[in-house]
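Visitor: Below are the chains, spelled out letter by letter.
Number of protein chains: 2
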Amino acid sequence: MEYQRRDAEQMRERIIDAAVHLFEKGGSSIVSMRKIAERIDYSPAALYLYFKGKKDILLALSDRGFSLLYQRMLPVASTPDPKERLLELCRVYLAFAAEEPEYYRLIFSDPEVHYPNPTEDSASKPAYLTYSLLQDATQECMERGLLTAGDPLAATVGMWSAMHGVASLLSGGRMHVVPQERLDSLADDVLRFILR
Amino acid sequence: MEYQRRDAEQMRERIIDAAVHLFEKGGSSIVSMRKIAERIDYSPAALYLYFKGKKDILLALSDRGFSLLYQRMLPVASTPDPKERLLELCRVYLAFAAEEPEYYRLIFSDPEVHYPNPTEDSASKPAYLTYSLLQDATQECMERGLLTAGDPLAATVGMWSAMHGVASLLSGGRMHVVPQERLDSLADDVLRFILR
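Same order as they appear, the protein sequences are chains A and B.
Reminder that position 188 of the first sequence reads as 188 in the UniProt record's numbering, one-by-one numbering, no gaps.
Reminder that position 23 of the second sequence reads as 23 in the UniProt record's numbering, one-by-one numbering, no gaps.
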């Protein structure tokens, strides 16, 4: 039984790797069960033994995306000063948005991705691990008086949303109201204002 | 000449009205020069005398969207207390995002919409008028000490971006990290935290 379970796990990994390959070449729209099957020389019907369909595959890709973001955040997550750590975490977040636009779109705005409701083991998922880095640093900032006291959840979500908003509005060419010479430092200025 | 100019202006209005009708029925993807021409019983070729193409029409629609948002904001723009005014302006903004998702998407994230660089008369455009309501209230809050002093631009953009981020992440089902019972008041909590 253990042997079979490992076999299935390996098969799932092969499928996800093939999906990652396609996704990194052309985004979520070119990922299909048929193309994945072709790539690993498997029958499309058999894929459905491992994944319910494209939506299920996109969810697995999305986990990969969050893992990439989390891996990038980890090196700065040990910055001792929690406020500096928050700034660094947000900078990594913004760099990820700029350098991995396909993954960024997939995990934060692709309408085909539907995240399941949280369960008991959600805490170990890359999305939650990523969020918890921001959450812990915010909490610590407040406890140490480095951030005006207030609601830690509102602070964490506010910071994250502002970064997401800045990233989307900037990349979508919606920041014309901001003078050209302020654009480069805009995200940092916004962040520093929120973390005042 | 004046007569001709008025004629052309009326023609442009008719075209935009037809585009608005199509857009409100099915979003930007169903707006086309051909369908607009059909609706006003005009030849598609003649439309090009008034608009360079679909992108130009989407820009006009986008102005309409900003006008709608601005008209909704105006009634609360006379709230005397600037901090309460900011809260109200942001609430109107979020209600607009929820109630007019097509216009909201068009003006803030449709990749087919490319706003031109600002010119001397940009200040009278609905997008800039809308932004200036937020900007003025923020400035006034700072001058009156109702908002921790800081960079007014970072404050205005930060608030706007956070609202945009909350609206997009909520409507895209990306707020699973937030406990269910906090979702209803989330935008308001975030806003109050930023305006602390």
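Just so you know, the hints here were simulated from the structure itself, not pulled from any lab data.
Certain hints may be false.
[Unchecked claim] Here are the computed lysine-lysine pairs in the DSSO-like style, where the Cα-Cα straight-line distance is at most 30 Å:
1) Lys-55/B / Lys-25/A
2) Lys-83/B / Lys-35/B
3) Lys-55/B / Lys-125/B
4) Lys-125/A / Lys-52/A
5) Lys-25/A / Lys-55/A
6) Lys-25/B / Lys-55/A
7) Lys-55/B / Lys-83/A
Visitor: Determine for every hint whether it applies to the structure shown.
Guide: Verification of the hints:
1. Lys-55/B / Lys-25/A: Given pair Lys-55/B, Lys-25/A holds - Cα atoms ~28 Å apart, limit 30 Å.
2. Lys-83/B / Lys-35/B: violated, 46 Å
3. Lys-55/B / Lys-125/B: Since the Cα atoms of Lys-55/B and Lys-125/B sit roughly 18 Å apart, the hinted pair holds (cutoff 30 Å).
4. Lys-125/A / Lys-52/A: Between Lys-125/A and Lys-52/A the Cα gap is close to 20 Å, so the pair holds against 30 Å.
5. Lys-25/A / Lys-55/A: Holds, at about 18 Å.
6. Lys-25/B / Lys-55/A: holds, 28 Å
7. Lys-55/B / Lys-83/A: Status violated; Cα separation ~43 Å.
In this structure, the hints that do not hold are numbers 2, 7, in rising order.
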